[in-house]
Structure formats: C-alpha cells, structure tokens
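From just these sequences and the hints, can you work out the full model?
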Amino acid sequence: MFKKLCQKAFSKSLWVYHVNVGACNGCDIEVIDVLTPYYDAERFGIKLVASPRHADVLLVCGPVTRQVVPAVKRLYDAVPDPKLVIAIGSCAVGGGIWFDSYNIVGGVDAILPVDYHIPGCPPRPEAILHGIAVALGLAEKQVAPVHLKQLPDRPESVSIKTPV
Amino acid sequence: MIGSKLKEAILCLRTGLVTLKYPFAPHPPEEDFRGYPEVDVDKCIGCGGCAAVCPSRAIMIQDIDQNTRRIVRLLERCIYCGRCAEVCPEDAITMTKQFELSSDKAREDMEVESQIFMATCQRCGRCYTPPSPVDKIMEPGFRDDEIKRGGQDSPYEPVKSAEE
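Quick note, the sequences are listed as chains R and S, same order.
Numbering-wise, my numbering puts 135 at position 135 of the first sequence, and it's gapless, one number per residue.
Numbering-wise, my numbering puts 92 at position 92 of the second sequence, and it's gapless, one number per residue.
Don't read these hints as lab results, they were simulated from the structure.
Treat the hints with care, as some may be off.
Reference listing, derived: stretches of chain R covered by chain S, where coverage requires no fewer than 3 residues with Cβ under 8 Å from a Cβ of chain S [stated by the list, open to error]: (1) 30-39; (2) 45-52; (3) 112-124; (4) 143-149.
Since this is a predicted model, take the numbers as computed values, not measurements.
Backbone N, C-alpha and C define an ideal beta-carbon position, used for all residues, glycine too.
In structure tokens form, the structure reads like this:
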C-alpha cells in the first residue's frame, strides 16, 4: 500500500540524492550517465539535488563500510517522508565481492529498508532507467527466483561425461 | 550579437532528438555484453568449477544426500565477470544479454538453485568429492557449509521504515 502511494505521489517527479557508501565510483559514473541528454532521466522528473532534505529518493551505491554506517543512518533520517531507497550495483544489493569482509556491512538492506534494487557491476544506464521505470510503474520486473532440478531417470543422465 | 545566438540555436536544432527511447522501446546491448548468467541444468555435471572461480563466491555447493548436489547461486552479488561460463567444461552456463534485473526484493529474485543428480561411485556408493577433507576445505565453493549472504550477520540494527 505504501508502495502504491509512493508510485502515485512520486509519478510527477523524483528528486534524488545520490550517496556513495564505499563504492568504486563505477556505479556513480553510470548514475551520472543516466542524467546526460542521451539517456535523459529528467524526462521522468528525476533531478539530482544537493541536500538530503530536498530529496525523495536516496540512491545508494556501494557495500556499506563500517565507518559510514552512522552517517548513512543520519542521512536517511534527514530525508523527509515518504521516501524511497534505491540500491544501485551488486555491492549495494548483496555486498558484491566484499560481502563478508570485516569492514563491510554487506548490502544496504542490512541497515536501511531498501525499496528497489538494481543489480549489475556496474548496472548499465539502461538498467538504471529500467529500475526507475519499475519504481514508477512503467515496466514490469523481469527476474524471479529459479529452482532447477535434474531427474535421476532422464535418459541422458545415464551417460555422464566427466572432465578429464 | 543576436546573429551569433541565432547561429547557435540553428546549430542546436540541427542535431535533432538524441534521447534514447529506452524504457518504452527495447535497446539491446552490444555484442559482447555479459548479463544474467543462465544455467542449463541438463548440461551441468556438478563439478563445482564455477564455484571455485567465482570472485564473489556467489556460487555455493552443498551435497544434500548421497546422489544430489545442490548448487545455489546468489546472483544478487554476481559481478557478471563471466568466469563461470568460461571454465564450465560442458558450457552449461551462458551469459545472456538480460540486463533488466531491477526488482523490489533482489535477494529472493536473484537466487538460482539447481539440484544436480550425481553419479555415485560403484564401490563406495558416494558422490565424487575431493579426496580428503583438507582438500575439500581448499576448494572455495565447498568451503561454506551454510549459505552465506552479505549482511546477514551484521551487528547493526536496521532503520525501520515508516511503513512498519
């Protein structure tokens, strides 16, 4: 219900505050790319703002480092309600290659309630646009959990080739 | 002075529309783009080579019974390097061009679980595993007994969203 409300309230314009919480700058560059005339996220009303107090959305890039945790929590509190958090990049979504490092929290959703995830390392500008479109209700999400099982009585499972 | 402005305006108008129509029209990625890794479970032999080379250790292997091997891929932290597709002896993994991976709960949606039917040794009736327990520890994919997610044992209290 909250999400539906957000979709209605935000459909005209999302003002975005972009946070780097330990990313390698790859995702940041893609975020900047999305704002160029070629990809032009401003046609959806997306606008980068300089202060979290003006923002509706927090764009978070990077696995959260321990040093930055209190700052991110303060930042989240500074954004006025209703607010969205969008995690961009594999690091922000699940910790990336640093998921179990000693100085990494491992994913933004360990400390903040994340509404939308955009995986990719870095995500293409189109992937970020798709994430925006999913958030605005313009597109459907295309991923679902996959469970596969080999059956023991398959005819081809009799002759299993083994690597030498 | 007005002449120069007019000249500039004409120059700007000559370029026409440059913005991509992306979320409303498809925009396929380049030829060598690596997207969502797709697993053909019928080709997989469960050798664990992909788990051994995965830089983010997103592929984990569990032997759940005598002849079933469970391979869990937590693609939320996949960095799309394509190493798993490169080392796979049976070409069971292909890097697709799917980049539209954004979702509202990536941790569930990006999980791929496959259960492989393993041939057992005719003498001892067990799966083929590394020869000794020490060798098993050395194989990165076999190192974790439980499925580890980024941020699951983080010491930080998550911020509650306004919804809750």
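Checklist entry - When the hints from earlier in the document are held up against this structure, which numbers fail? => result 2
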